[in-house]
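Could you build the full structure based on these sequences and the hints that come with them?
Protein chains: 2
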Amino acid sequence: MKQQNLAALPTLAALKDKGFRLTKIRRLIVGAFFSDTTVPVSAAELQLQLLASGTKANKTTVYRELEFLSAQGVIVEINAGDGRKRYELKRYGHHHHVLCLRCNTVECVAVENCALEEQLSGLKDFKVTGHTLNFFGLCAECR
Amino acid sequence: MKQQNLAALPTLAALKDKGFRLTKIRRLIVGAFFSDTTVPVSAAELQLQLLASGTKANKTTVYRELEFLSAQGVIVEINAGDGRKRYELKRYGHHHHVLCLRCNTVECVAVENCALEEQLSGLKDFKVTGHTLNFFGLCAECR
DNA sequence: TTGACAAATGCAACCTTGTTGCAATACAAT
DNA sequence: ATTGTATTGCAACAAGGTTGCATTTGTCAA
Numbered sequence: 001m002k003q004q005n006l007a008a009l010p011t012l013a014a015l016k017d018k019g020f021r022l023t024k025i026r027r028l029i030v031g032a033f034f035s036d037t038t039v040p041v042s043a044a045e046l047q048l049q050l051l052a053s054g055t056k057a058n059k060t061t062v063y064r065e066l067e068f069l070s071a072q073g074v075i076v077e078i079n080a081g082d083g084r085k086r087y088e089l090k091r092y093g094h095h096h097h098v099l100c101l102r103c104n105t106v107e108c109v110a111v112e113n114c115a116l117e118e119q120l121s122g123l124k125d126f127k128v129t130g131h132t133l134n135f136f137g138l139c140a141e142c143r
Numbered sequence: 001m002k003q004q005n006l007a008a009l010p011t012l013a014a015l016k017d018k019g020f021r022l023t024k025i026r027r028l029i030v031g032a033f034f035s036d037t038t039v040p041v042s043a044a045e046l047q048l049q050l051l052a053s054g055t056k057a058n059k060t061t062v063y064r065e066l067e068f069l070s071a072q073g074v075i076v077e078i079n080a081g082d083g084r085k086r087y088e089l090k091r092y093g094h095h096h097h098v099l100c101l102r103c104n105t106v107e108c109v110a111v112e113n114c115a116l117e118e119q120l121s122g123l124k125d126f127k128v129t130g131h132t133l134n135f136f137g138l139c140a141e142c143r
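Residue numbers (the numbering used here), protein chains in the order written: chain A, 1 to 143; chain B, 1 to 143.
Be a bit skeptical, because a hint or two may be false.
If chains are identical, the list can't say which one is meant, so a pair holds when it fits in one copy or spans any two.
Claimed, not checked - DSBU-like mimics (lysine-lysine), calculated; alpha carbons at most 35 angstroms apart, straight line:
| # | residue 1 | residue 2 |
| --- | --- | --- |
| 1 | K18 | K90 |
| 2 | K124 | K59 |
| 3 | K18 | K124 |
| 4 | K127 | K24 |
| 5 | K85 | K24 |
| 6 | K90 | K124 |
| 7 | K85 | K56 |
| 8 | K124 | K16 |
| 9 | K24 | K90 |
| 10 | K85 | K18 |
| 11 | K18 | K127 |
| 12 | K59 | K85 |
| 13 | K127 | K85 |
| 14 | K124 | K85 |
To be clear, the hints were calculated from the coordinates, so they are not data collected in a lab.
Here the structure is a predicted model, which is why all the values come from computation and not from measurement.
Below is the structure:
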C-alpha cells in the first residue's frame, strides 16, 4: 500500500463516473485491495494498514467503506470461519480459502473440478444459491 | 427435549466415569442433543429450550457447557457462516450444512463423493487438517 | 447421614466485532 | 469562492461471547 497502484485507477474512475467522491481514504482503500490481491483483509487490519501508511481513519468509516465497495461490486465479503468478515478484490475465478488456526491468516486456494452444488443430496425444497468452502489447518510459519 | 432420552444415558455415564458431575443442566443439554440430532443449535437457542422446559440457566453456564461437551467429544462446533457458533451431536458420517439466508435456520446435507482436501491446488506448505462447506439459499418456508 | 472438597453455577463486568444517529467536514461542480 | 451533498468522526449502542470470583451443589468417603 505504498503508492497509488495504477491498476486501481479504472475502478476509481468508474466510481467517480457514478457520482461518488474520490476521498483520500477511498483511494487508499481501493489502492490497498489492488496492491495486495491475494490476501483477504478484515476491517481492523485495513484500518491498521491505513494508519501505518500515515492516515488515521475511524473504524466506522472503514466499515462503511467496505460496505460501500461491496455494494459497488469492487470487493466481495468472505467468511473464513473465524468470527470476522474479510474482504477481497472481486474477481472472476471461483476459489476458496484456507484459514490458519493459529495465526488466523487466510489464503486463497483453488479446488479442481469444484461442482459442489450439483452433488447435494438430502435437501428437501431448499433452494441453494451459493456456497463457501473453508479449509483450515496450519500455515507454513505455524506448522 | 421433553423427557430424558434413553440414548443419552451411555454418554452421561461415560462423563460420570471420567469424574464429571451429572447436574440437572448437563443432563438436559445432553438430552436435548440426543432428542434432536438433526438441527445444529446455538447457545441462545439452547438456553431458550431449557427455559421452555422449565429450567433457567445462565448464558455463561450454557456457553461453558457447550465448550465442555465439545472438549469431551460429545458435540462438535460448526460455523454456518452467519455470525454465531452452533453445535451438533458428534457423529461419524461426514456431512455439511445449508443456511437459510432469511430465517437463519441450518440443515444438514450430504455431498456425494466429497474428497475436497485431495483436490486442493495452489497451496504452498499449508497443512490442511479439515474443512467446512456451507451452502446458503432459501429454505422451504422462505423461498 | 453427614461433611467436605471440587465441580458447576450465577452474576456482573468486560471484550470484540460491527452498527446507528447526528453533527461536522470536505469533495467537486458551478 | 460558494454551495450542495457525499463522506467522515464521534459517541453510544448491540449481539455474541468470555472472565473473575463468590456461591451452590454433586459426589464420595467416613
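Right, here's what the structure says about each hint:
Taking the closest pair of Cα atoms, K18 and K90 come within 35 angstroms of each other only inside a single copy of the chain (18 angstroms); across copies the shortest separation is 51 angstroms, beyond that limit. Taking the closest pair of Cα atoms, K124 and K59 come within 35 angstroms of each other only across two copies (33 angstroms); inside a single copy the shortest separation is 42 angstroms, beyond that limit. Taking identical chains as interchangeable, the C-alpha atoms of K18 and K124 are never at most 35 angstroms apart, the minima being 41 angstroms within one chain and 40 angstroms between chains. For the homomeric pair K127 and K24, neither the shortest alpha-carbon distance inside one copy (41 angstroms) nor that between copies (40 angstroms) is at most 35 angstroms.
Within a single copy, K85 and K24 get their C-alpha atoms as close as 23 angstroms, which meets the 35 angstroms cut-off; across copies the closest is 37 angstroms, which misses it. In this assembly of identical chains, K90 and K124 lie within 35 angstroms of each other by CA distance both inside one copy and across copies; the values are 31 angstroms within and 23 angstroms between. Taking the closest pair of Cα atoms, K85 and K56 come within 35 angstroms of each other both inside a single copy (21 angstroms) and across two copies (33 angstroms). In this assembly of identical chains, K124 and K16 lie within 35 angstroms of each other by CA distance neither inside one copy nor across copies; the values are 45 angstroms within and 39 angstroms between.
In the homo-oligomer, the alpha carbons of K24 and K90 lie at most 35 angstroms apart inside one protomer (21 angstroms), although the nearest pairing across protomers, at 50 angstroms, exceeds that limit. Taking the shortest Cα distances, K85 and K18 sit within 35 angstroms of each other inside one copy (27 angstroms), while across copies they are farther apart (39 angstroms). Taking the shortest Cα distances, K18 and K127 sit within 35 angstroms of each other inside one copy (33 angstroms), while across copies they are farther apart (44 angstroms). Taking the closest pair of Cα atoms, K59 and K85 come within 35 angstroms of each other both inside a single copy (14 angstroms) and across two copies (25 angstroms).
Taking CA atoms no more than 35 angstroms apart as the test, K127 paired with K85 passes in both settings, with 24 angstroms inside one copy and 23 angstroms between copies. Within a single copy, K124 and K85 get their C-alpha atoms as close as 30 angstroms, and across copies as close as 24 angstroms, so both meet the 35 angstroms cut-off.
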